[in-house]
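Student: Sequence:
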Amino acid sequence: MFGTGLGMWEILAILVFILILFGGRKIPQLARDLGTGIREFRKSISGAPSQEISDESEPEERVERKSSPRKKSKSKSS
642 MFGTGLGMWE ILAILVFILI LFGGRKIPQL ARDLGTGIRE FRKSISGAPS
692 QEISDESEPE ERVERKSSPR KKSKSKSS
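The sequence shown runs contiguously to residue 719 in our numbering.
Think of the hints as simulated: they come from the structure by calculation, not from any bench.
Heads up, a few of these hints could be off.
Ranges of calculated distance between the beta carbons of each label pair, as one might list FRET restraints [said to hold, decoys possible]:
hint, residue 1, residue 2, range
1, E651, G688, 35 to 45 angstroms
2, I679, L656, 12 to 22 angstroms
3, I655, G688, 30 to 40 angstroms
4, F682, L656, 18 to 28 angstroms
5, L671, M649, 19 to 29 angstroms
6, G678, I652, 13 to 23 angstroms
7, L647, R673, 18 to 28 angstroms
All of these numbers come straight from a predicted model, not from anything done at the bench.
Backbone N, C-alpha and C fix where the C-beta goes; we use that ideal spot for every residue, glycine too.
Make a model of the complete structure from these sequences and hints.
Tutor: Written as structure tokens, this is what we have:
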């Protein structure tokens, strides 16, 4: 089903085991903690959180350079 070799009944058995082991009240807190842990792990891998980068960085000023027209060089023909 998921490419891991686990069928529907195996996954259902694992979910029932988790429900019995932790109880219905602790599962939302466990899922929240797992999500927080994954988020912190991704931040540490990327080096800096995307929110901090966008808040701290200032837009660069754009400098326009006007180019002067080039003079055509006259080549000597022999």
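Student: All the hints need checking, so say for each whether the structure fits it.
Tutor: Each hint, compared with the structure:
In this structure, E651 and G688 meet the distance hint of 35 to 45 angstroms, their C-beta atoms being roughly 38 angstroms apart. The hint said 12 to 22 angstroms for the Cβ distance between I679 and L656, and at roughly 19 angstroms that hint holds. A hinted range of 30 to 40 angstroms for the beta carbons of I655 and G688 is consistent with their spacing of about 35 angstroms. Between F682 and L656 the C-beta distance comes to about 24 angstroms, which sits within the given range of 18 to 28 angstroms.
For L671 and M649, the hinted distance range of 19 to 29 angstroms is satisfied, since their beta carbons lie about 23 angstroms from each other. Checked against the hint of 13 to 23 angstroms, the C-beta distance between G678 and I652 comes to roughly 22 angstroms, which is consistent with it. At about 25 angstroms, the beta-carbon gap between L647 and R673 stays in the expected band of 18 to 28 angstroms.
Violation of the numbered hints given earlier is absent; every hint is satisfied by the structure.
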